[in-house]
Amino acid sequence: MTCYVIVTPAYNEQNDIGKTIESVITQTVQPYLWVIVDDGSTDDTAKIIQQYASEYRWVQYLYRKKEAGQSYYSSNVYAIMAGYALIKTIDYDFLAVLDADISLPKDYYEKIFERFSRDEKLGVASGVYKDQINGKLRKILNDRRSTPKAIQVFRKKCFEQIGGYLPLKYGGEDTCSCIMARMNGWKSWSFPELTVVHNKPVGTGHAGNMLKICFRHGLNEYGLATHPLFMIAKSLRRCIKERPFISGGMARMAGFLYGYCLREKRQIPDELIRFIRKEQMGRLLNLNRIPKENRVTIATNAKTIKICLAASSGGHLSQLLKLSDGWKGYETACVTTSEVVRDKLRDFGRVYIVGECNREHPLRVILVLVRCISVILRERPNVVISTGAAAGCIMCFLGKLLGAKIIWVDSITNVKLVSLSGRMVRYIADLFLVQWPELAERYSNAEYIGTAV
Amino acid sequence: MIFLSVGTQFPFDRLVKAVDDAFDNDLIDEEVFAQIGETSYRPRNFESVPSLDKSLFDKRLKEASGIISHAGVGTIMTALDNERPLLVMPRLKKYGEVVNDHQLAIAKRFEYLGYILAAYQEKDLPENVARLKTFIPRPRENQARIVAARISEFLYRISTSEEQSYQKTIDRAFTKSKNE
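Residue numbers (the working numbering), protein chains in the order written: chain A, 3 to 455; chain B, 17 to 196.
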């Protein structure tokens, strides 16, 4: 059994911390201890944490008084290190750092540990998080080797070797910790297939905020001793690769130059600066390719199957959802025909509404077909499960074209004959279930084991 | 209170009228509330509405002492899930009430299994309404779970074979790089 501990710094998080705590409580693997450090909050954060701490004995509340002269970022680091002081004598395997405004998927830690077990050189790992920017979820562009502090997990030995986070005035302690891990011969990796949602929208208001963030990133690049040549290349790349286009990259460069003008003393050791610059020049020469010895290949590409559920809203869908135990634990996306059932599907991944169609309206069929094609190209499922009707049938055929396995469960309303869609899908289905014993006798590859209702 | 429902898609006046007539002959002594669809038929003896919101529908269904309905899969599923005594009258193809006789087959099967009561003609309705009062549906084995288990097993096989084929590619890549 994996033994892990979590440290969470929290400063005025009353709106989000409840969600974060709930998402840890429901983890498939529970932590041995979780220290939540209240970094001098002035709102109800303390009350919320204490309430959970009294209910769960592995949740521990720690108060740390705000100290004058510490920037927001370095204060955060001191809070984590204060929490770390409490746990460092424990014989744990992994140390997780978790921000107080994150909702984790319930198998987040389980999956991270599974990846650690596949590569013993992996010292620090994380998923990637999606930020809500202007109301839309966006993945943050990042080096695969950088792991965001908000969801970082360290192997114990790795964290001890690097000696924890360095308090940096402008932030970037997470990137820095990854570099230090690599300097000590570890690998650091963020796994793109493990996505986590950041509750607190960053820069929800207007683009202005986004530019400010970019500017700060530039400033913190200066603090991390980024090589000027590398910085120019990076800013140019971000100009075209990341929103806001052009201006974002410029703001980064501006922040970096501003840092140069200030000429503040950098807070990292010289040895680290040399390592950072060596790595960066290497990346420039190799056109940003990650060197072989740094790559984590086994786990990143590990295939987990992805399932597409497709059913017309109404009876078809309710029969399909009765079988939801069947795909428990797999990643799913749904295709249905009408907006009214969206709410029913909220536990089953992304929902696509493709509209109603039937034989009598050929034009609508074409419209639905086009939408289904776009869904299948986006999702690329390994399995399509459907109860019908027309839209489900279309999804099955499109899925088959892309090599997916097809599971068809014919609706219970078809008694003497399998539905028209079912009769077509029968030829391509890998598992064809019917709900009447008579039908299983009638069709050679049909299987009857019971009803879905 | 008995809840009478004919589903939301099409009216089913034959059932509504049968219940109404039973009232006239003093064969029903309970109150009835009905959801009857968009139809011109107006019941004389009980309150009715054309359609109900899903949440209101569920509330009515849960509060009712018994349910009378068409043999639609949706209504049967909801009633059985809520363990309500249910009497169905299947819509029939010969009256143009539905495109095929699947409701008849479903009614027969579920009645045979002891889950519901069924009235196949209007004249059978009153006696079945009387039986509804004391009818206790047979506890249902959860067949959906068996079907779900079948799907789960199938998916497991797919995922492990994908995993294996992937692992093979990786191993091959490793041995290749070693040889180099």
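A couple of the hints might just be wrong.
[Said to hold, decoys possible] Lysine to any residue pairs mimicking SDA-like chemistry, simulated, CA-CA at most 20 Å apart: (1) K70/B x Y57/B; (2) K346/A x K124/B; (3) K70/B x A84/A; (4) K124/B x V417/A; (5) K109/B x L422/A; (6) K67/A x D93/A; (7) K124/B x E440/A; (8) K124/B x P439/A; (9) K346/A x N116/B; (10) K330/A x I162/B.
[As the list claims (entries may be wrong)] One-sided and incomplete, this derived list gives chain B residues near chain A with beta-carbon spacing under 10 Å: (11) L96; (12) N98; (13) I152.
Hint data in this document are derived by calculation from the structure and do not stem from the laboratory. The C-beta atom is built at its ideal place from N, Cα and C for all residues, glycine as well.
**OP:** Mind checking the alpha carbons of K109/B and L422/A for me, to see if they're no more than 20 Å apart?
**Re:** holds, 18 Å
**OP:** Would you check the hint for K346/A and N116/B, treating anything up to 20 Å between C-alpha atoms as holding?
**Re:** violated, 29 Å
**OP:** Could you grab the alpha-carbon distance between K124/B and V417/A and see if it respects the 20 Å cut-off?
**Re:** holds, 12 Å
Original post:
Within 20 Å, alpha carbon to alpha carbon, are K124/B and E440/A?
Top reply: Holds, at about 14 Å.
Original post:
Is it true that the CA of K67/A sits at most 20 Å from the CA of D93/A?
Top reply: violated, 28 Å
Original post:
Should the hint that L96/B touches chain A count as held when the rule is a Cβ pair under 10 Å?
Top reply: Holds, because the Cβ-Cβ distance from L96/B to chain A comes to roughly 8 Å (cut-off 10 Å).
**OP:** Decide if the proposed pair is consistent with the structure: K70/B and A84/A, CA atoms, cutoff 20 Å inclusive.
**Re:** violated, 52 Å
**OP:** Take the C-alpha atoms of K70/B and Y57/B, compute the straight-line distance between them, and say whether it is at most 20 Å.
**Re:** Between K70/B and Y57/B the Cα gap is close to 23 Å, so the pair fails against 20 Å, i.e. violated.
**OP:** Could you grab the alpha-carbon distance between K346/A and K124/B and see if it respects the 20 Å cut-off?
**Re:** violated, 30 Å
Original post:
Minimum Cβ distance from I152/B to chain A below 10 Å?
Top reply: violated, 19 Å
Original post:
Hint check: is the beta carbon of N98/B less than 10 Å from a beta carbon of chain A?
Top reply: For N98/B, the interface hint is violated, since the closest Cβ of chain A sits about 13 Å away, which is over 10 Å.
Subject >> 20 Å Cα cutoff - pair K124/B, P439/A >> reply: holds, 14 Å
Hints 1, 2, 3, 6, 9, 12 and 13, counting from the list given before, are not met by this structure.
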